[in-house]
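In case you want the letters, here they are:
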Amino acid sequence: MQTRDLGFAFLLVASAAVLLVLSVSVNAQNTSLQEGWNGAMQSLSTQSQSFAFVDGVGYVNDGRCSTACDICQIIKYALTDYNPKNSNGVIIDTRGIGSLTCTSTDGNPWSALSSTSGLSNIVLLPAGTIAISSPWILPNDTRLIGEGPNITTISASSTLSPDMIDMGYEISTSPCYNPTTSAYDCPGVVIEHLGLNGSGNTSVNGIVNCCSQEFSRVNDVKIVGVNVGLALTDQYAQNSGPYTNLTMSGVSQCVTIESDYVGRTLIVTRGVHGLSCSTTGTAASAIQIDTSSNSLEDIYISGGAGQDGVLIGSQAPTEGNVLVNITGSGLQNVVHISSANTSSDISILGVSRSGGTNTIYDQLAGTTLTDANLGMYILGEPVQAGTNNSAGYSRFTTSISANAPTWFVGGSAPTGSSCGVGDLYSCTGTTSACTNTAPKQGTVWECLGGGTTWYPIK
Amino acid sequence: MKKMTGTHSRNCLILAVLVLVPCAVQAQQSDNAVWASGGSMQGSGAFVDAAAFCGAGGSSDCSGTSFDFCATLNTALTKLTTLSPAGGVVDARGVVPVPTGSGTGGGPQNCNSNPFSGISATNTVPITILLPASTIKLKGAAWTLPNNIRLVGEGEFTTLADQSSFGDSNFINMGSSGCSPCSGISVEHLKLDEVNKSLGGIVNQYAGQSSYVNDVDMANLSGTGILIEAANSGPYTNLSFTANSTASCSGSSCPLCADIEVQTQGLHGMTCYGNGATGAYSPGTDVSAGIKVNASNNYIEDIHVEAFWDGIRIGDASGATVSNIVLLNVEGGKNFLYSNDPVVSAVVHICGGSPSAQYGRCGSVYSTVSNVTVLGATDTNNTTVQGTETCVNTSGDTCSTAIQDDVTGTSIAAPPGHLSGIAAAMYTLGGEIGSSSGIYSRFSTYGSYTSSVGSQTDGSPTPFLSGGNTAVSGLSCNTIGALYSYIGASSGADSVYVCTGSTPTWTSIP
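Line by line, the protein sequences give chains D and Y.
For the first sequence, the working numbering assigns the number 1 to the initial residue and increments by one for each residue that follows.
For the second sequence, the working numbering assigns the number 1 to the initial residue and increments by one for each residue that follows.
These are calculated hints, taken from the structure and not from any lab test.
Where a beta carbon is used, it is the ideal one built from N, C-alpha and C, also for glycine.
Incorrect hints may appear among the rest.
[Unchecked claim] Using C-beta positions, here's what the derived DEER-type ranges look like:
1. D/Thr387 x Y/Ser250: 29 to 39 Å
2. D/Gly386 x Y/Pro235: 46 to 56 Å
3. Y/Thr368 x D/Ser426: 23 to 33 Å
4. D/Ala438 x Y/Asn232: 36 to 46 Å
5. D/Asn83 x Y/Gly64: 43 to 53 Å
6. D/Thr398 x Y/Ser117: 55 to 65 Å
7. Y/Ala471 x D/Thr452: 18 to 28 Å
8. D/Gly386 x Y/Ser436: 57 to 67 Å
9. Y/Pro181 x D/Thr282: 52 to 62 Å
10. Y/Thr500 x D/Thr202: 56 to 66 Å
11. Y/Ser250 x D/Ala284: 54 to 64 Å
12. Y/Pro235 x D/Thr398: 25 to 35 Å
[To be verified] The following residues of chain D were derived to be distant from chain Y, with all beta-carbon distances above 12 Å:
13. Val60
14. Gly98
15. Thr101
16. Ser134
17. Ser249
18. Ser314
19. Tyr361
20. Gln384
21. Asn403
22. Thr406
23. Ser412
24. Thr430
25. Ser432
26. Gly442
Make the full structure from the sequences, and use the hints.
Pasting the structure below:
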């Protein structure tokens, strides 16, 4: 009994000594302390803070919250307390936070940085559903990282408007604004590994990029039940992307890449690569492209019977867009090239149609293709004939539809084969193999008007 | 409330102490602390916080004129390899100077030594290094990453800069001859910023499989942003290069965004900004290029270039054979930040023996280039450079091309007056018949225009296949050899026409 008491007393004294050491080492840097800092062991018995990251758990009982802080308050106060003299950026780890419902009075958690030049911040979000009532407006060099698109979900309140997450802001008082050039740019905004859910608020947009350019991208994100899932709304989003590994369902539109409200044209993005898009079928298109020099790769679209999958050039002229591996299900047109504006130079490789009506509706060239699988359709430039500057378009396609000329190759004469007017056929067999009915013999054949007769050209 | 017994209260106090002192006998300095069974804590050797090695006496004081970031990082790396033979993470995100009251965030802090000293070039265990949002100024030599080292920053605010005493020609070497072929080396989420010297960015001569670069900003560089000489490395993704505003071009030396000299896993997403020198309109002395591709089997997509004479140049090395190159969504234009509004003269330039006097040539030597596929090449802002130049063979306002093919002497350029530029949906240069016939398989969507929109006489317009519902028979055309399929031909009538004749006319075949 006496031995136990002595041991306890020794432990108590030792503990007090350790606490004293801790107190000294922490107070030595009191001018830069921040709640929630990571602790690093300095020796077997002491630790000190590390600037490596701020754990949001340290803010749960912050006195600025009337009750326990919710996740929005925690992010906001961590950013508010962040001392830029410590480092050029801060990592806020909220993965241990359990209070995930933000109130309408929380506002934008990044408002603390909105009037500064904004250094970098990385916010790690927890598993669970985070309910927000105000748009999250991300300043430059913000990286928002969840634990997975089905694990970390940001849910919109019924009154949230107009967007759930904004990449930068087009306000002259924001750090995005450059008064010298009168232009906006909030680079380095990254959103990864999370989900967005409109939760019945179908008028709110998911992610909107007005003004985040270089090093700004979205990756591994699931968006459900919103108006537009991902919208690039302004020329100041140029050079952003890539937008990769996206899943959207129950949305009005999945992606829009737009010319801005005064018609300025977004020049180029690093593309949308990997998108599974399921719409409500109410909008004219699932994906709308009204700017130049974008790449869309590995896209699956499911939508309404009267809907376009990818609609190009309906609001502004475009050129230099490239589409690769596009699959549409139940759509009016998997790809629709609009004639509302003078677009050109559109490359499409690998388009598939499951159900629906058309694979490609090229309104500019007046061509409709219905092939279930199409290797290539490339629309180039207007072709001139005499004074007619647009007698047609330079085009290449592998479509076997009679609606667009293509170039077939075979080892024997095209006897009895149907054809489309203007098709070419190269007969690569021996002379005798390339004989139809003597003396009809040729290496190159054309499909005559009427679309029923192959005729040997040479 | 039930009153605790003396034993219970003592136990609770002990537990409280354990909570407040998160260390156990197994713990080592800098270990990450983790809860173990029974409510105790112990260190995890897989994660070492480098901040613990900042200062003497456990102060975490990473400041002072003598503080050496790299010495601290090296201590942590050495500790990690000692504690965790299987590798792990060195977290240096907390290694930043303690504020002095007037200091600014993140330092800068000096790197005066080799952070990888003592780490074998052939290191076999995976080590991830997390760098702080801080400016780290290098002295002496470049960082040469040993095998299986992954370098991860926090974005553009993790910056490597050079001290005046920096003695190397670039910031980072991926691997060394000591591990060739190296593997598992990567660089992500950081910025390289030339301050004092004329420098390049990343050199990869040795790191092949599983070695890549992602999300790196190469700012104000006078040299090559990234030099790739290690086969099968990559992908190289989400990159940006900005030439130093004062860097000049001398001889064959010029700022260069990326130089690809081997087969890679591709370059996906890059913005290249040149300067007044790299984009100066100077046919004949046109040495600059944003991206050089001098090896076969490379895929490049989503590229934006400003103010380099060539955007992407393919095959400017003597004696090399360059084939199987795929370019997708590449765009180039002017940069208005410089007083001479430097241009991109050729967004894509395929080097060969038939250069254009108007759009320049790759250089005095070129490779044997074939099988190049370009989808979506766009030349933006096709205006004159300063409004005073006279572009050869035109009336004066077409100074740039979407594609310049010196193998076949083809220019895909907008006609005069078409100031918004020109795009090419597809241009494919295939193979040559024989070895010197000059005859290549090709597909292009671009021909030429009539005088109604300007005379396009330079280069050789490329025949194309087209289709439309207009009866073109007997009408003039511009691109000799082009085909036109008249889909409205009446039953039994000819439907295919060719542009032919001394006065080019659409003529039925045969």
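Query - Indices of hints not satisfied (ascending) - result: 1, 4, 5, 8, 20, 21, 22 and 26
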